[in-house]
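The listed protein sequences correspond, in order, to chains P and F.
Residues in the first sequence are numbered consecutively from 337, following the numbering used here.
Residues in the second sequence are numbered consecutively from 337, following the numbering used here.
Just so you know, these hints were derived from the structure itself, not from any lab.
Please note that the accuracy of each hint is not assured.
Any copy will do: because identical chains look the same in the list, a pair fits if it lies in one copy or spans two.
[Said to hold, decoys possible] Within a straight-line C-alpha distance of at most 25 Å, the following computed PhoX-like cross-link-like pairs (lysine-lysine) qualify: (1) K488 to K509; (2) K387 to K483; (3) K424 to K367; (4) K424 to K488; (5) K424 to K374; (6) K509 to K424; (7) K374 to K509; (8) K509 to K387.
Protein chains: 2
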Amino acid sequence: MPRKPSFDRDDLINRARDVFWSRGWAGTSLKDLEQTLKLKPGSFYAAFGSKDALYELALEKYAEDGRARLEALASEVGALEALKAHPKRILDSDANAAKACMLAKTYLELHTHDHPLADRADTLLSGMETLFEDLFHRAQTDGDIAKDRDPKRLARRYQSDLLGMRVTAERSKSDALAIAEEIADGLSAL
Amino acid sequence: MPRKPSFDRDDLINRARDVFWSRGWAGTSLKDLEQTLKLKPGSFYAAFGSKDALYELALEKYAEDGRARLEALASEVGALEALKAHPKRILDSDANAAKACMLAKTYLELHTHDHPLADRADTLLSGMETLFEDLFHRAQTDGDIAKDRDPKRLARRYQSDLLGMRVTAERSKSDALAIAEEIADGLSAL
């Protein structure tokens, strides 16, 4: 049998990502996935192997897409402007299945159960923090933020503030938008 | 049969809170609870009725205790100093079963499932935000922060920053402690 075209597979992974992202790991059954992907158990198994294997693909897709969007934005408007615009763009995206970060939700749900997906989420969160650090460093090279600021420290705080904003966004979009604006204003003052 | 003394009941609720807080709602089975509380199914049912009823008691106890601790601290050191010390105190408390906020964890896990406990967590989070607002207002009355700052806005951002710091703390205590310090420094500059 010829291999299925990869765009089909990507579409299935994206749909699974949205279910996992909004409902959580424990809140998503194999049956939920089979229904969402319109796959029979045998086809599901042949395509992805297991719920956890699909979750890992979805998590990686989520992180890769987020990373690619932020890098594209930085190429377009520069590092500092990208960091300033990023929080609001997350909140405004209608494509997002949930407002909270999928990596953080996964980590919170699974690390007390010593689940390997928590380690994966942790690594991907560190990868995002490194991208933020690179962008703060670029902003410094561009002369947009003071030389004496530590990009590592700025990235750590930025990621923490984003995580808080995104938890807030699950409860109130207007509150989260106000916070996004404050985060951007804070960066302008660096 | 005489009613059990309430301190016993409080102790059971505290133990249940710690299991729910660290393992989450879906991650905690009735069996886990019966083992933790050393209760047989019949006694568990007689004492608490259901897992959800006990979760609600635990959630309320969690919020009440947090509120009481912060109010006691404010009476002792004043509103602004209490707000500044609060983030670090959360991280340093060895009594906490998890670093992330139990209200936020509950909300994130359950609101997409339209579970009534998510509404309860939402209300309790709003109650904490109101306490923060009161304290920012008191700090203003004390002359410790500028008159032109909006206590409501400050409270919203403070809560969001705390939530982010507490998600960070699940991954790295040292990173979270650095953020706690930055939050405190930020309040000193108001």
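Comparing the hints with the structure gives:
1. K488 to K509: So K488 and K509 pass the 25 Å test across copies only (16 Å; inside, 29 Å).
2. K387 to K483: Cα proximity of K387 and K483: none, with 47 Å in one copy and 54 Å across.
3. K424 to K367: Answer is neither: 35 Å inside a copy and 43 Å across each miss the 25 Å cutoff.
4. K424 to K488: For K424 and K488, the Cα distance is within 25 Å both inside one copy (22 Å) and across copies (21 Å).
5. K424 to K374: neither (34 Å within a copy, 48 Å between copies)
6. K509 to K424: within (10 Å within a copy, 28 Å between copies)
7. K374 to K509: neither (32 Å within a copy, 43 Å between copies)
8. K509 to K387: neither (31 Å within a copy, 31 Å between copies)
The structure shown violates the earlier hints numbered 2, 3, 5, 7 and 8.
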